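**Q** Please take these sequences and the hints and turn them into a complete structure.
If you're matching them up, the sequences are chains A, B, C and D in order. Read in the numbering used here, the first sequence has 194 at position 194, and its numbers run on one by one without any break. Read in the numbering used here, the second sequence has 169 at position 169, and its numbers run on one by one without any break. Read in the numbering used here, the third sequence has 137 at position 137, and its numbers run on one by one without any break. Read in the numbering used here, the fourth sequence has 124 at position 124, and its numbers run on one by one without any break.
Do not rely on the hints blindly, as some may be mistaken.
All copies of an identical chain are treated as equivalent in the list; a pair is satisfied when it fits inside any one copy or across any two copies.
[As the list claims (entries may be wrong)] Below, a list of computed lysine-lysine pairs in the BS3-like style, where the Cα atoms sit at most 30 Å apart:
#1 K300 / K310
#2 K99 / K139
#3 K86 / K139
#4 K300 / K165
#5 K158 / K300
#6 K139 / K69
#7 K237 / K75
#8 K221 / K99
It is worth saying that the hints were derived from the structure and are not from the lab. Here the structure is a predicted model, which means the values were calculated and not measured.
There are 4 protein chains.
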Amino acid sequence: QSWFHRSAGRPFGSAPQSDFFRPEEGVMLPAGSFSNKVAFITGGGTGLGKAMTTVLSQLGAQCVIASRKLEVLQKTATEISSLTGKEVHAVQCDVRDPKAVSDCVNQMEALAGLPDVIINNAAGNFVCPTERLSPNGWKSITDIVLNGTAFVTLELGKRLIQNQKGASFLAITTIYAETGSGFVVPSASAKAGVEALYKSLAAEWGRYGHRFNIIQPGPIKTKGAFSRLDPTGAFEKNMIHRIPTGRLGRPAELANLAAYLSSDYASWISGAVVRFDGGELVSMGGEFNELRKVTPDQWKMMEAMIRSTKGS
Amino acid sequence: QSWFHRSAGRPFGSAPQSDFFRPEEGVMLPAGSFSNKVAFITGGGTGLGKAMTTVLSQLGAQCVIASRKLEVLQKTATEISSLTGKEVHAVQCDVRDPKAVSDCVNQMEALAGLPDVIINNAAGNFVCPTERLSPNGWKSITDIVLNGTAFVTLELGKRLIQNQKGASFLAITTIYAETGSGFVVPSASAKAGVEALYKSLAAEWGRYGHRFNIIQPGPIKTKGAFSRLDPTGAFEKNMIHRIPTGRLGRPAELANLAAYLSSDYASWISGAVVRFDGGELVSMGGEFNELRKVTPDQWKMMEAMIRSTKGS
Amino acid sequence: QSWFHRSAGRPFGSAPQSDFFRPEEGVMLPAGSFSNKVAFITGGGTGLGKAMTTVLSQLGAQCVIASRKLEVLQKTATEISSLTGKEVHAVQCDVRDPKAVSDCVNQMEALAGLPDVIINNAAGNFVCPTERLSPNGWKSITDIVLNGTAFVTLELGKRLIQNQKGASFLAITTIYAETGSGFVVPSASAKAGVEALYKSLAAEWGRYGHRFNIIQPGPIKTKGAFSRLDPTGAFEKNMIHRIPTGRLGRPAELANLAAYLSSDYASWISGAVVRFDGGELVSMGGEFNELRKVTPDQWKMMEAMIRSTKGS
Amino acid sequence: QSWFHRSAGRPFGSAPQSDFFRPEEGVMLPAGSFSNKVAFITGGGTGLGKAMTTVLSQLGAQCVIASRKLEVLQKTATEISSLTGKEVHAVQCDVRDPKAVSDCVNQMEALAGLPDVIINNAAGNFVCPTERLSPNGWKSITDIVLNGTAFVTLELGKRLIQNQKGASFLAITTIYAETGSGFVVPSASAKAGVEALYKSLAAEWGRYGHRFNIIQPGPIKTKGAFSRLDPTGAFEKNMIHRIPTGRLGRPAELANLAAYLSSDYASWISGAVVRFDGGELVSMGGEFNELRKVTPDQWKMMEAMIRSTKGS
Ligand SMILES: NC(=O)c1ccc[n+]([C@@H]2O[C@H](COP(=O)([O-])OP(=O)(O)OC[C@H]3O[C@@H](n4cnc5c(N)ncnc54)[C@H](OP(=O)(O)O)[C@@H]3O)[C@@H](O)[C@H]2O)c1
Ligand SMILES: NC(=O)c1ccc[n+]([C@@H]2O[C@H](COP(=O)([O-])OP(=O)(O)OC[C@H]3O[C@@H](n4cnc5c(N)ncnc54)[C@H](OP(=O)(O)O)[C@@H]3O)[C@@H](O)[C@H]2O)c1
Ligand SMILES: NC(=O)c1ccc[n+]([C@@H]2O[C@H](COP(=O)([O-])OP(=O)(O)OC[C@H]3O[C@@H](n4cnc5c(N)ncnc54)[C@H](OP(=O)(O)O)[C@@H]3O)[C@@H](O)[C@H]2O)c1
Ligand SMILES: NC(=O)c1ccc[n+]([C@@H]2O[C@H](COP(=O)([O-])OP(=O)(O)OC[C@H]3O[C@@H](n4cnc5c(N)ncnc54)[C@H](OP(=O)(O)O)[C@@H]3O)[C@@H](O)[C@H]2O)c1
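**A** Below, the structure is given as structure tokens:
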């Protein structure tokens, strides 16, 4: 049995080469990297937002998490706080509503002060053929993802500028924001809008001490994402074969990247768009990548055929 | 006086090299290219929309133009129709309102049938430092550009699919949709969203016979754009120097490109994004392009300095 | 039997929706669009180069075609010339050799004068797992595609500048120049290099009256490309299913696009990159596009599952 | 005096807002992150290569640095080794020569074994109007940057595959690889080629346990880069004003990013392109970013003019 086919001990739902790409899930940055810093994470109660909040808290940040479900937020806040010993505040906020966003920032100012680190992570999404989508279906996603991110960013930006305070803004988008994708079209459009918003402000608001960066995650198993994007689980199976690293990403890996980009180690990074996808996008996009299915023997045959070709 | 500096007869507001890039404003496609076709153009009453409508009408299309100001539309419709002898219908429609969009398509179906050619051209925009923008200011642009385009596209897509009718969709975005830009941030975000929408549907709705393409115009003088983007005229002057072709674009040039992409000559073009900007974007984006200001004598000096450098 | 599955009369190797995207292969531009113009086309003896030469000649250009095989060039030149009544010159030239390129331009100057239109179309390519590639294998492709294009462009650029003559430069690259692709790696790298070359010069040489544009073709059946990229024909079959327009492109379609970009109708287009691929790239790249395989009944089931999801 | 104009203590050659973006130059990753790993860095004797080698060595890697000047390499090797206590090997190698590359890898195998971390950092570059460039001038850059990177990558890739060993490959390109840039055209073309090479192999060689990523640096002061790109220093002064973070980058900051991408913390990152430029690219590219020069009073006037505009 060749090395290429060995698989003992590989996690379920992964390809052989994932042995080479084992996840390192420990905290990466030096302890205290976010001491005396306040971090604001939308959608911080669940999934990737929770993972990022955990790492920032472990690194010393005082965190404020916000989304619609206060109960969920509070449970997460307590859980993280007891792990790290740092305060985590839960604030209810529907980002689609500018008034709610403003109230939330008021609360944050009272609780912890204006943030040094902002992560726009809240989102909604579901798979659907676009011809089955109503105007309301369209808005149910874009209002959260694009308008919500804009309202949070405008509100915080204005207050930070007024207070002459610098900050790092990070948005979590997706690998299909640049390429587009069928069947998740409102999400693709809104995330592309978020990317333009962030690139624009990286240029415009640098003079106020603000950085803006973007992470484009590929598939990372969270309940929120997978229950609405792959309800049957069929998609995941096929996906693994086109991910060069042979596995899904882990929330803790994303959290380390997010912490880095939000930290002073990255104080010269602004306007950057970091794809974090195990190689999935380049693998899907390259016209001849399907030839990975060709076996060595077939290659020999094909090479002979090519060599014997004469002229054009 | 060197050839490089001659300028006799050059249009006002252009650089010397524009002599090499004189606009050809005649209709390009063969007569009758759009015979028996219906074209729907949002914002078709003014500026670029009017120019595109004119050319499509000259090429035999029955056109339907739609925007908020019925009077403006009617004036344009009459003007074009008397020029070309083809019917041009004016339909009032605020694209931000899904009900208005649906009513408008009803009217179009009654007047001319479902369209073969759709051009999403309506937009709003103005320059503004982002920290001076309210949530309503943000929505005043994104609701037209992103939601408006989506509502038009969803409504027409559904009806075309139901009627098993193919169509060409074209969106007019802008060169800063990909790069982002400060001071026009809602426009940048919304246009980026439109691009993702179109790339997504190019992939998803090909099976229904639909193509989706994008033109990204650079600066083309229209009252609508320039009065809100360059009210003082100061910007235009500077801009010319960074446009490699040394002049602004003309509406008729854009109209020829739009007609081509909407025609059967382009039936294999889908998911394409065509920049139409006199070279402005590549000129702005390249890190060393400012060196165009270096004179030949200075180059000689610099080359000597470089040659004399030792080691790293 | 539904409209979606009808296929009577469809050309072999195409999907049902290709009925909506029938190729229009007649010449598009007005007669005489290239009268009194000289066009230089590398690789003009075969495939796409031959198709472009044919259309430019039909539109009145005096053409000069150049590549290694003089006999092939001469046969093509005679064939086109007798069709169009315009002179077509055949000049032997291996673009990898700067001396040969210079000699070729000398010959062209003597025969027809310096060109108004330049199309860098010559290329080499074959599929191969990269670990089977020697340094010589690497260079066999990159020397033609990247260095060859650069040598032709530098030689012509210098002479045109010296003669104060404007020109349109067009490069034929490929859809995987931006994304990269396994199994055609030297081609991907070299074509990406060509794109950067052209975008750079669009910015730098505008002041000399030169435009630079790029066409990225998707799969168009030519002997040269397909015999070395799909020797068994297996690839083509699979490819059709991911092309939204359901068919391959035709040389005559590409030729119309190339003629447009090289004409005065496009005198404001510079630094543009026009994808011409039936939608293939956006279709491959979008993460959820595989869901096109889901049937309407399966969608109903999936929607029910998604709707019943609670929380994140 | 407003906060916006304060500058006390700011490093020379920086803008006011750089106070918000002070560089953090300490080592970021946990100690021992590269224990028992071998790292190979081309151009590791000077500039950014030296900075990356230093950090990897501090983190426990055994480093092998290679370039043309053995003496320079040896001096750097000794210097780093005495700082970190880890072995640093100096191997002479001209990357343009496949035979030299193969010999170098032989030596590395004997000294340290095959590498776990490969950084393709060697490059050449100088500013020059392209019409002053000979074919040899073109090749003097592209042979190092594109062919050199390819030869190193092919040689190491083949041996690693044969030995069933995974590895992280990192290439240092530049922000103008995607946009192109005049006056550094061979560099732009070759770096774009390197990016396509890496994206292609990220897709193709994942199955062998290899990751491929790219850093695109903006301006970081090193003798090698600045003496050949900005011999007079005039360029640097202008550049600062278009960098949103108001300062140049530091080698140690780049080194932390490079170490992260090469580490197991990034084992799910492949095919990524990370811009590291203080926001320069988004700032240059956005069409309206020049409006940063408009003062608050001028904005008031412009807003009044825009508000008074009627119609389109
Ligand atoms: N997991 C992946 O594979 C993946 C891939 C690409 C991108 N992403 C992105 O990663 C981010 C996190 O996703 P996830 O996978 O962690 O899924 P998730 O757990 O469902 O996270 C989404 C969060 O957004 C919050 N949210 C939704 N609507 C909101 C609203 N109107 N106002 C405020 N908060 C709202 C939700 O909280 P409430 O319900 O309490 O409001 C929830 O905490 C999202 O931006 C997603 O697009 C994820
Ligand atoms: N000119 C340029 O330099 C330039 C550059 C890049 C992109 N563009 C794009 O080109 C397109 C045309 O611009 P233009 O220069 O021709 O300017 P314009 O004359 O102002 O065109 C905008 C059109 O949109 C219509 N519109 C605005 N809001 C609408 C709404 N809510 N519902 C329906 N229609 C609406 C307007 O008509 P009503 O007022 O009657 O509604 C108007 O006809 C726009 O998409 C613009 O972003 C232009
Ligand atoms: N067909 C497609 O699907 C497709 C897709 C994407 C891109 N393209 C691009 O389209 C262009 C044309 O390709 P094609 O399909 O028409 O294939 P083709 O017929 O093989 O064309 C290649 C041409 O390049 C010439 N050539 C090769 N090496 C040369 C050298 N060293 N010096 C001068 N000329 C040389 C060949 O002529 P000699 O042998 O006489 O030298 C030949 O005429 C190429 O750039 C290709 O990459 C094609
Ligand atoms: N500094 C910046 O602002 C900046 C910005 C963007 C990108 N970069 C990139 O960063 C990398 C490092 O640049 P740097 O600023 O550190 O400049 P540098 O000190 O000049 O580094 C270039 C290195 O490449 C080596 N090299 C050159 N030709 C070689 C050959 N034929 N074979 C082997 N090695 C060769 C040189 O060593 P020998 O002379 O001993 O051969 C030198 O160590 C380069 O890829 C550069 O393009 C730098």
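**Q** Give a verdict on every hint.
**A** To see whether the hints hold, each was checked on the structure:
no.	hint	in the structure
1	K300 / K310	within (18 Å within a copy, 49 Å between copies)
2	K99 / K139	both (18 Å within a copy, 14 Å between copies)
3	K86 / K139	neither (37 Å within a copy, 38 Å between copies)
4	K300 / K165	between (63 Å within a copy, 24 Å between copies)
5	K158 / K300	between (64 Å within a copy, 18 Å between copies)
6	K139 / K69	both (20 Å within a copy, 26 Å between copies)
7	K237 / K75	neither (32 Å within a copy, 52 Å between copies)
8	K221 / K99	neither (33 Å within a copy, 39 Å between copies)
In summary, the numbered hints that this structure violates are 3, 7, 8.
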